[in-house]
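2 protein chains.
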Amino acid sequence: MRLSRYFLPVLKENPSEAQIVSHRYMLRAGMIKQSAAGIYSWLPLGYKVLKNIEKIVHEEQIRAGHIPMLMPTLQSADLWRESGRYDDYGQEMLRISDRHGRDMLYGPTNEELITDIFRSHVGSYKDLPLTLYHIQWKFRDEIRPRFGVMRGREFLMKDGYNFDLTKEDALHAYNRHLVSYLRSYERMGLQAIPMRADGGPIGGDYTHEFLVLAETGESEVFYDSEITDLKFGNREIDYDSVEQCQAVLEEFTSRYARTDETHDEALFAQVPEERRRVARGIEVGQIFYFGTKYSEPMGATVVNEKQERVPVHMGSHGIGVSRLVGAIIEASHDDKGIIWPEGVTPFHVGIVNLKQGDAEADAACEALYKSFTALGLEPLYDDRSERAGAKFATMDLIGLPWRITVGPRGLKNGVVELTCRRTGESEELAPEMAVEKVAGIYAGL
Amino acid sequence: MRLSRYFLPVLKENPSEAQIVSHRYMLRAGMIKQSAAGIYSWLPLGYKVLKNIEKIVHEEQIRAGHIPMLMPTLQSADLWRESGRYDDYGQEMLRISDRHGRDMLYGPTNEELITDIFRSHVGSYKDLPLTLYHIQWKFRDEIRPRFGVMRGREFLMKDGYNFDLTKEDALHAYNRHLVSYLRSYERMGLQAIPMRADGGPIGGDYTHEFLVLAETGESEVFYDSEITDLKFGNREIDYDSVEQCQAVLEEFTSRYARTDETHDEALFAQVPEERRRVARGIEVGQIFYFGTKYSEPMGATVVNEKQERVPVHMGSHGIGVSRLVGAIIEASHDDKGIIWPEGVTPFHVGIVNLKQGDAEADAACEALYKSFTALGLEPLYDDRSERAGAKFATMDLIGLPWRITVGPRGLKNGVVELTCRRTGESEELAPEMAVEKVAGIYAGL
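Respectively, the protein sequence lines represent chains A and B. Count the first sequence with our numbering and you get residues 2 to 446, in order. Count the second sequence with our numbering and you get residues 2 to 446, in order.
None of these hints come from the bench; they were simulated from the model. Each hint can be trusted.
Example chain B residues on the side facing chain A (calculated, C-beta under 8 angstroms, incomplete):
#1 LYS34
#2 LEU114
#3 SER121
#4 HIS122
#5 LEU133
For lysine-lysine, the following BS3-like pairs were computed, each having C-alpha atoms within a straight-line distance of at most 25 angstroms:
#6 B:LYS139 - A:LYS49
#7 B:LYS56 - A:LYS139
#8 B:LYS56 - A:LYS49
#9 B:LYS34 - B:LYS139
#10 B:LYS371 - B:LYS52
#11 A:LYS49 - A:LYS139
#12 B:LYS127 - A:LYS356
#13 A:LYS337 - A:LYS13
#14 A:LYS127 - B:LYS356
C-beta: ideal position from N, C-alpha, C; glycine also.
Can you make the complete structure from the sequences, with help from the hints?
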């Protein structure tokens, strides 16, 4: 993309309404614009990051054998009356009346709807195991929406639901989700620690939250520092293997890690003192096993091998897709702006032309642009007639991990400058070597 | 995908509520499930088709130089009061009151919101031309939703908005949209004819609708039969070229083609009688140029080269993404089921194992499955222990364009059977030749 043809409305000033760094940078980098309290438009740059995160989530869910579908945003109140949650949910549920006066709601979650789909179509244990998921916009009418997309009212979430014949099978589904979530977050450049959590309104006595450590996190977290050394890495996993998934669960959850909601001082005291950490974290996902909590009242049953009709064991599993955009920024930025991990960056590399209009510099930039595009990488080429300082400031603010600077002086010596956003380190390279180096980094993801 | 692990709840009976063929087949093929009047869940098979259509729309919009973003589903009523449309829109607008009693609405379209984004961030003619678009769920509270996804209440639409300094530039944007729409529909296997249309509530004195001919179409259409011979084909086009885009507009709109709303008997009579056609059509898209209708009242202005502040010229351009799923089925089916065009099919090829459990047949199917997957194609392998007739009926119903049938008898002669869904023609081929033939068809798309 050429910046002269893009829509990137960066702001020079810090917007006064933004209290945390991700909100501030998302506004300043032209990623979002608030259209109503807690409701945002995703401007082109923000949209690209959102889609990159969504893509990783899809790929990892499909890899785990989970099946994508899509439920609508609006739901009938009747289903929620059946589960008993319509009255329980309180004012965070946006209740709507249609032109015929029928009670509807903007779905804050989808246990009822998916259970209804299941019971309408599945009747035999032979159709199990089954895990369906979708990525859809949801709404929670927060009384005080704030922190930008971190606590908005309309938000994008992946929610998945497993249906299994037995508790044992459902716990395998739980473990599969845990593994797929670890992989997903790592691909986004995040370390998200699974912490024992509280069931809340969805219910469930077996649940973990995934927390990203960040000073601005809404939760206080307590953990054994050994946990931050764990990496999922590139290991191969067979998602059908109960043992392999269970082993990952044990590896990543056996050490102490809890939020303030479930924190237990006595247990924490058993962690060697030098490994005890108290910090803050941002919740970016949660997995639940809740057994027959919805299947029983809603009649989601199957006939088992003995011809008995039994309620299925279910769980639900969520990833906060739009919230992750903010969480990644909270975890990865400096005082100049955002630092995107390569896995989610909106453009793979920035090209800064120090002397727009100089025939040699323009040609070199165009050649770089074509080389990257031919390799399937997306460059953002700042082809505006701005001074170098303004171009650098924009690139630093929007946080592309790699920048190539092209100017007449370097070109005389046959080089361009390749700069890493995270370290700030630069090196001079022949243009084709710079392309090769950047391409190699992305090929290794 | 192995069918034994998929969620494909096909129905044997015709659902009584479905009046038109696309609705009937979408329910029977397990593509959708109604969750409330005019509101559907997209089951896995339907979701895949929806995503394929969405992908084509994205690719063609980006090719035309239009920039993707995403606006929220819920909007504040204030913006609609500013344009004067809040009261005009009538009961089809779903009005919502949040917990603080603020007036909101579920967006039926986004002229106000995009104009607000534009005026907040763009001030100079140098930032033009600009075309932003998004693909998002919208809601129209139809009094009598019917025909499945063809006239649902919650529906997925691509809507794009161009901002230009002059009427001339805006008409070029209009033409770019026309060209990109022609390409999009052709890639979906559809012939959609641009017809002179009526502005309706969006306004605009320059507008075309795109109609797909189908007996169940909601509009009566009148056209010169020469129009159906026109193909966009694989021609290269420079979207920046005013002349090239204008030439396509003229080629595709110079012959008589109108819906009942704009039909003119006198003009139609000038078409040679043997070329006059009266038929029915389904609207799958519409483009508008509406000048300064929104930019003037909402103050969306730029400073031009003479330092004068002028309102921008705008247009809006929509494609009915979820509606297209139904429209494609209306245009492409037979009495056995759907016939997907290769461009949108949910799976590229079906593999039917005539004797599940037979070692040789199982191995041959697995080998085909792996070959297709390795080529980046998605097979649907019916690995269930069902009789052949039931497997064929399912494949015919869900409409995959190509089917490979594998049985012990053929394998003895070293062949499998490759069947074209559309023609019903079969040929016996060595398995690797069948893979090569199918791969060749998709490579040519």
